[in-house]
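Just so you know, the protein sequences line up as chains Y and P, in that order. All the letters of the first sequence, read from the start, carry residue numbers 71 to 357 under our numbering. All the letters of the second sequence, read from the start, carry residue numbers 7 to 299 under our numbering.
I should point out that these hints are in silico values taken from the structure, not numbers from a laboratory. Don't be surprised by glycine CBs; every beta carbon is placed ideally from N, CA and C. It is possible that some hints are incorrect.
Unchecked claim - To give an idea of the chain P side of the interface with chain Y (calculated C-beta under 7 angstroms), a few residues:
no., residue
1, 17
2, 107
3, 109
4, 124
5, 203
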Amino acid sequence: MKIAIASGKGGTGKTTLSSNLASYLAEHREVVLTDMDVEEPNSGLFIQADLKHEEDKFKMVPQWVEDKCTLCGICQKVCNFHAVIQLGTMIMVLPELCHGCYACSELCPESALPMIPKKMGKLIEFRSDNLHFIESRLDIGEEQAVPLIRQTRNYIDKTFPDEVIKIYDAPPGTSCPVIEVTKDADFVILITEPTPFGFHDLKLAVETMRKLDKSFGVVINRDGIGNNDVMDYSEAEKIPLLAKIPNDRIIAEFYSKGQLIYKEVPAFRHELDGIIAYIKTLKDLKQ
Amino acid sequence: MKEIVVISGKGGTGKTSLTASFAYLGGEDVIVADCDVDAADMHLLLEPDFEEKEDFYSGELAYIKQDQCIRCGKCAKVCRYDAILTIHNVFTVDSLSCEGCGYCARICPTNAIINRKPIAGTWYISNIKTGSIMVHAKLGIGADNSGKLVAKVKAEAKEIAEDEFKDYVIVDGSPGIGCPVVSSLSGASFVVIVTEPSVSGLHDLKRVYELIQKFKIKAGCLINKSDINPKLTEEIETFLRIENIEHIANLPYDEDFTKAMTNGQTIVEYSNGHLKEMIDKSWNKIKQLVTNN
Ligand code: SF4
Ligand code: SF4
Ligand code: SF4
Ligand code: SF4
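So here's chain Y without its partners, still in its complex pose (with noise of 0.2 angstroms):
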């Protein structure tokens, strides 16, 4: 079973709700909790765990070879990306560009574009107990997530049986990133504010999971502050509302100490509760 969740704005709680479930399901059945917001990865100040395995992530570009090189400028006319451009006599390609299509490589007639790895981010696996818990890191400079991503959830379907339960805490927004990781989650929780942005936020969300024909939730944090409109939307859409996180700032500042607050704050334990009820009953209409 699949889990992502995803959030139209950042900031509204998505890490700390995913670092909290994952570890409050990990005291009684194996998880997987998954950081796949690889340009901000952050799950990882408020796990404990101990490295367990760490691999560099590679994505393929071409790279030039001159002495078979006839200039006859194909590669350049065949990149979408403008990522190989022909200066003078040299042909120069720039891997940040690079979607890795592969198009210039294969279709160069002297053969002269091999492709090759190049680095492009970090994947590190730490497991305490029955918390497995997944980072992948872009390095900076590197413009593109969604390769990354990829190579991030393969790693998870190869290392990780069905059954176990997988965490996946989404990049904030609704484009390429953010479809990426929702494209085979089982089900989808949408985490919001009840505030203007918020709302607004969550409605572009709403959107882009019934565009994928998702299955999906909405959680409010910070419950108490705004006004209802999201409580009056969810309701009208049918959209199952799944925890109202109470607004206190205890939560917040526990949260800036990177401390899990399921453990502290019994009100917040109830709400996990609450959607891990809720999660339950999904799993049996499945079977």
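With chain Y's structure known, arrange chain P with the ligands on it following the hints.
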């Protein structure tokens, strides 16, 4: 004309509320660019009138014309993104997976594949309640190229500022360190980083600053909710000193941030007290830093 970019690395630090407040204080002198195109929220505070609107086309999307396809399977073989779906020997393109590399169309023996330009988003030019103009956008769902839309919004804002002899463009930047942020930062005169004293706030501040250094742009930092964790606030202040980042101000944890937002107002309109004064001072300091730069 100076371009001030406000970013935060991590979300939820109050970046947009503060940017809108600066825009409000700057009034007619400031053209606003909302470059957080993935979650554009500034319009909820600044009452734009959406006067001009234009679709933004970007990238490509492969499409297979079934009547020309001879089902040879070559396209599926070359596609590195598993975007060609084969169901009962019928080949179609999964538009959410297609990267628009165009490779399949180049090798299709019957030219059955065409590339379409999808609408990646819409951008707007609006008059706003500050008496000035805002350029903003809405990214299409699952759209690629948010970096290009960011670049478009910024370029438009800049052009308007130059045409109308405005002093400042203030940019609400995108989160993360990927292409949208890179587009937000390029060409900036000064970066304001909004952070908060949490372990993730500090972590993201360091990461985003590493990126800023690559652009060699001068930066200043606002620590919001600074009283939530005084120890970490101190740690952030030390980091700022070491890295020679201007420390603009510490702001308190204040429910007025959300109350103002719920009212559809900037903080400086909603709050009259101490908070307004501090934001006022911050804006003056930013202007000073930008001018001295
Ligand atoms: S396609 Fe190959 S031979 Fe032609 S210019 Fe490019 S690298 Fe050189
Ligand atoms: S692999 Fe594709 S994206 Fe990369 S340089 Fe070659 S043609 Fe361009
Ligand atoms: S390469 Fe062209 S002809 Fe062959 S299966 Fe693909 S679309 Fe059809
Ligand atoms: S354009 Fe590229 S990504 Fe899209 S279907 Fe064709 S080969 Fe695949």
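Results of checking the hints against the structure:
{"no.": "1", "hint": "17", "in the structure": "2 angstroms, holds"}
{"no.": "2", "hint": "107", "in the structure": "3 angstroms, holds"}
{"no.": "3", "hint": "109", "in the structure": "4 angstroms, holds"}
{"no.": "4", "hint": "124", "in the structure": "12 angstroms, violated"}
{"no.": "5", "hint": "203", "in the structure": "6 angstroms, holds"}
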